[in-house]
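Quick note, the sequences are listed as chains A and B, same order.
For the first sequence, the numbering used here begins at 180 and goes up steadily by one.
For the second sequence, the numbering used here begins at 180 and goes up steadily by one.
Since the hints were made in silico from the structure, they are not lab data.
Treat the hints with caution; some may be incorrect.
[Stated by the list, open to error] Interface residues of chain A toward chain B, partial, derived using beta-carbon atoms under 10 Å:
#, residue
1, E209
2, T229
3, Y232
4, G240
5, A300
6, H304
7, D330
8, R372
Even glycine gets a Cβ: it sits at the ideal position worked out from N, Cα and C.
There are 2 protein chains.
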Amino acid sequence: MSPERAARPGGRSARVRAAVRAATLAELAEKGYQGLTVEAVAERSAVHKTTVYRRWGGVEGLIADALELASGEPWPVPDTGDLTGDLRALAREVVRGFTDPETGPIARAFVSAAVQDPAAARALHAFLAARHEQSAPVVRRAVARGELPADTDAAEVVRTAVAPLYYRLFVSGEPVDTATADRAADAAAAAARAGVLRAPAEPGGHTPAG
Amino acid sequence: MSPERAARPGGRSARVRAAVRAATLAELAEKGYQGLTVEAVAERSAVHKTTVYRRWGGVEGLIADALELASGEPWPVPDTGDLTGDLRALAREVVRGFTDPETGPIARAFVSAAVQDPAAARALHAFLAARHEQSAPVVRRAVARGELPADTDAAEVVRTAVAPLYYRLFVSGEPVDTATADRAADAAAAAARAGVLRAPAEPGGHTPAG
């Protein structure tokens, strides 16, 4: 794709977006968030720099767009037959995403960007809200199997299973591996079974009986 | 304190350090990590800019030093009589630290700095390792009361109690309050009671019987 064609608005829009996004991910993998520049993304995607600035605004917009596209991607929701197995699979997937030599630098760059920039933060928040929602069947199936109270807060179970991994990676700087993933998952499963991860009662909420 | 006196090395070293640290915290509270400059800290502390550069290197060094001083500060370890009460108090203290209008911006700036800069990250990691260690008596007392298995991993219980709060604050961008603190604490207590937060067995470790 030549810069001239890519820069033309209209029908080629989706292809331009895909090229810019691929270039953004490749640059993030190589250089991280702090090394990301519009110039490098433009050169790598063969999309003209002024087009990138006009459509994406800057590096924050590039990050936000890459994350938005990622939110819509299919994501394997585990179904191992029990809650602990499913949560371990979810937690291991998070560890894999951050430690894999290919995806790790990109995933870390997204979180770094979110800490530094409000647009990237909004994109990460939307991405994770989608992931929490996509993971909810794990909890709903456990409820259906009678493993958990019916009013268990699915998103909170997922947060509890993954939070210790993010805490180690981005706050305390401690290592993560399969064992830390399993321990975080087991803790979330134990808490959910103990009934402490239920949906909070709504203040003044209506009951079905009115 | 005049810049000339402050800049003199030797006996006034501790006072200069305290003044620079106070100025760093005040600047962080007002402007956050991304707004922190050596110039503003120098002006605010009445310590000469070249002294600040020479002794602290730059903003990363200022952050790291402020955190190092904070690690040594006394910290109230709760003793409510049971594990859930103690962990709730710890988790509420974390929420308070990040949401208080005075300390919140500083605490958030420390985490932001750590995500962006290796020196700040090392300082935050040391700070939190000290906090995990300082909080361990909460778990040891629960073991002594018979609430928890003897080989419970104290630091892991503390991590589990605070991780969902950091996850909300710095990753998923969801709100934190007393209720979220209590829920995170209750989850950690339930997981610890269920015996899933024990110290991992050391591979090839010795048993007392040899």
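To see whether the hints hold, each was checked on the structure:
Using the Cβ-Cβ criterion of 10 Å, the hint placing A:E209 at the interface with chain B is not satisfied: the shortest such distance is roughly 18 Å. Hint status for A:T229: violated, given a least beta-carbon distance of 27 Å to chain B, over 10 Å. With a cut of 10 Å, the hint placing A:Y232 at the interface with chain B is violated, because the nearest CB-to-CB distance is about 22 Å. At a threshold of 10 Å, the smallest CB-CB gap from A:G240 to chain B is about 18 Å, leaving the interface hint violated.
Checking A:A300 against chain B by beta carbon gives a least distance of about 6 Å; that is within 10 Å, so the hint holds. Hint status for A:H304 relative to chain B: holds, with the closest Cβ pair at about 4 Å, below 10 Å. Here the hint on A:D330 is broken, as its CB sits about 13 Å from the closest CB of chain B, past 10 Å. The closest approach between the C-beta of A:R372 and any C-beta of chain B is roughly 8 Å, which is under the 10 Å cut-off, so the hint is satisfied.
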